[in-house]
Amino acid sequence: MSLRGLSPADIFERALAGERHALGRLITFVERDAAEAEIVAEMAHTRAGNAHVIGITGSPGSGKSTLTGQLVKLLGEAGKRAAVLAVDPSSPLTGGAILGDRVRMEDVASPDTFIRSMATRGHQGGLSLAVPGVVRLLDATGYDPIVIETVGVGQVEVDIAGTADTTVVVATPGMGDSVQANKAGLLELADLFVVNKADRPGASDVRRDLELMLDLSHLSGHDQRTGMRPEIVMTTALSGEGAPEMWDAIERHFTTIADNGQLTERRINRDVAEVRNRLMADLESRIDVMLTGNSLSGVAEVLDAVAGRSLSPTAAATQLAARISDL
Amino acid sequence: MADEVSTNPPQLRVVLAKLGFDGHDRGIKIVARILRDAGMEVIYLGLRQSYKNVVNAVEQEDADAIGLSMHNASHMTLAPKMVAALAEAGLEVPVVVGGIVPDEDIEPLLEKGVAAILGPGASAEEVAQTIRDAVASMRAETSQA
Amino acid sequence: MSDPAPDQARAAWQEAYDSTKLRDVPFETMSGVPVDALYGEGPYPGQYPYTRGLHAAGYRSRLWTMRMFAGFGTAEDTNARFKELLRSGGGGLSTAFDMPTLMGRDSDHDWALGEVGHCGVAVDTLADMEDLFADIDLSSVSTSMTINGPAAMIMAMYIAVGENTGVERAQLAGTIQNDILKEYQAQKEYIFPPRPSMRIITDMMKFTSAEMPKWHPISISGYHIREAGSNAAQELAFTLANGFAYVEAAVASGLDVDDFAPRLSFFFNSHSDFFEEIGKFRAARRIWARWMKERYGAKDPKSMMMKFHTQTAGVSLTAQQAEINIGRVAIQALAGALGGTQSLHTDAYDEAMALPTENAARIALRTQQIVAHETGVTNVIDPLGGAPFVEWMTDEMERRAEEVFAHLLDIGNDSILEGAYAGIENGYFVGEIADAAYRFEREVNEGKRIIVGVNEFTEGDDGERNLLRIGAEVEDYQLKRLNGVKQRRDGDAVTRVLERLKTEAADPEINLMPTMIEAVKTFATEGEIVAALEEEFGTYVEKVFL
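Protein chains in written order, with the numbering used here: chain A, 1 to 327; chain B, 328 to 472; chain C, 473 to 1018.
If you are wondering where the hints come from, they were derived from the structure by calculation, not from laboratory data. Honestly, I wouldn't trust all of these hints.
Just some of the chain C residues that point at chain A, by a computed CB distance under 8 Å [to be verified]:
#: 1; residue: Val-1013
#: 2; residue: Lys-1015
#: 3; residue: Val-1016
Being a predicted model, the structure only gives us computed values, none of them experimental. Note that beta-carbon positions come from the ideal geometry of N, C-alpha and C, so glycine has one too.
Extracted from the complex, chain A is given alone in its bound form (with noise of 0.2 Å):
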């Protein structure tokens, strides 16, 4: 049905029952940061904190979005309303994106599968406000399992993915993964490794190179904060060999974080990195416009003292800091 002339708070009842133009609509508000965003996320909070999020992240062509298609697949057949959220890079140029994971996703989900492309659009941060928005309405709005993909080469991207409850890093063998995973982090954050592409020679390699890490790193690999040791599936994405371990293998790691408390430890480390992201893009947008507009007295003259070379920096600072909250 047609969205003209809906008020935010009809749209999120329509998405309450099920209409998924309505979610469509409300996370492009999210997206946008959206005079509607606030509303939203406001209604969505209070249904949130049910679903499992896993992130999935892995190098460019580690076939990590045919697994999450694989993924989608196994959990279409058990039922679940899942919904993927995949997250894709802009054109640092541009700003434009093309966004091609759909439709290998969307062949083999069942119709009840909930997918939505991001771009990251350029702007640091926004991505890391607007990707727990997202989830949230997700969330919200009854999926379950909410799968995040990204593309584990920018920091950005790794931090979202490492949000999840459960954050699965994918390496292929030929590609150096192991080496790349334990340079970018991934290797601290990864709950589960899977090495997809198993058929190919070498993927033996990047299991024991991977157990090698493990070993080598704090506690045997040990998580510090689980005291679970992060398992490793193999898997063939293309023929969807592996990919019921691997859920398994989420299930089990979920199952462990839930019994244990890591998973309410989790979301409130979650919720208050939120916080914190908010207020420090808040903040940035402020002294952004403190520092570049003519909205506030004094602040001219402050700068004009730097300049001069009468007053330094730090001092212009702490100065300034006191105001903040007049913008």
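Mind docking chains B and C on chain A? Use the hints.
Relative to chain A, chains B and C alone:
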């Protein structure tokens, strides 16, 4: 925050697809890049999509426009059916058809609800502008009513 | 020259030339100046690595075959045209199929609406194939069939028609395109995933090697790679790599390279950049010869000789001022001739919009007749051989192709076949092609590259874009026919044979051709056979790479 963001024009999201058997995807891939380079987000579905797949994508991705690429003579059957499928789902999203459409078919397609037709040889700027215009006039139409 | 005995090579060429029967025409210029058969140095025409052509006498003995591809409507319409062609002395039948048939789907499929009988003939069951070749003695014709995904079913139907009319399969002569790799890379008319598709193709190669000595089970086609937007070097490289991949697959299945390689043939595009095209054709022959001999250990020179068909570039035709396409086609046809093609199809000037009108198709044929009979380029064998720019371009095309082969060997663990699979899976081919297409488009858009009538010299366009339409009657007729066949056949027999086919598909040791032939004889439809195989093999869905 909200104010700051809304000073930039919202980023258009465009679903690109081909319906039916036709496998000529040189054109649609070029269009995908043109739109990306014009700053839009392209949800690329590619070949052999069903009406249902396109409707699903428009709903879930909350797309602003649809680009259909047609290189067989089937545009007269497939494009109006796509328009009808969207209407049935209550989606007010313009459909722009690109590819090989003979002159005599342009009017009938427009009458059947296709928003615009882009022939071979349309420039990159024309392609992007046609999408922007189609979105703008659909918005004007729906906000009036 | 690298040849230790150039005089000996020259003498060998002379001997081969002298023993060839030449066409009965004066080999002299329009003004009556006699010209030699050959200028320049070796390796000479007819000698390894065949850069200068496969035959010692080139077009002096035999012109290229002027093969025009056509066909639409019902099987009966096409049959009438075949008979007309045979009456007027032609011996080769060329068959185009409609889109549903090419995709392995029946005329009653949801998407078939508007497509049935449109760009070729509709074949759902053996009954259609029987109509297509009714009253034609299959032992006396050579049939070329342009189909890939469902090639095995169509070949099975052709065999069945032969057997039902008393023609042994060993007597059947012809070519089926059957080049599935380029479908994943460019034309996108695939059905099953790459590996099961390759299994069907090796089954066909084995079957024809053993039982159909006059049949060419594959025609490796770069044409569609170019049409999809690749550049000349990519067309060359991807096509030859696909050729090597089929060779590796056939050898791995137990065939001896010299048992099947002589029956492989190629199909290239001829575009407008004249010298680049000529260099591409000459390089293609040389690369094929070298790789077949050095890498694949071919002993029979025929395994090293690349035969190819050429078609002018449909993608180069413009809708604007369509008549000027005649000029483009003429230049492209000339490049094909100077590149030494074995056969040539020239496009009709109005093909940018849709199927050609009869008048335009006639002009296209006349265009290549002008090249053959008026220009004099057929009087001298490889007339451009030895020209510094042409030889440089030939070397450069080869060098660029070798770079691609090295990449494929790298990602394929020293196997071109595995490299082709990997390149399909990781988007290498489609990505390279899309990059090239976008680059060209941007250059045209920015005016850096002039396309006459499109971004320059645009006055004179009447703006008309007309299109030949096929009436809906064809579709109605075909649907009724399919329904009738389904009602008359023995449904249980169909179910039984399809079950068996499915079981056999699960066992890679079994050749699927015999059961496929049985299946078509029960009037199982092409779509039903495809669906049965899909249950075992799966359906290919392209991953998006941009």
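Going through the hints against the structure:
| no. | hint | verdict |
| --- | --- | --- |
| 1 | Val-1013 | 5 Å, holds |
| 2 | Lys-1015 | 5 Å, holds |
| 3 | Val-1016 | 3 Å, holds |
Checked against the numbered hints above, the structure breaks none of them.
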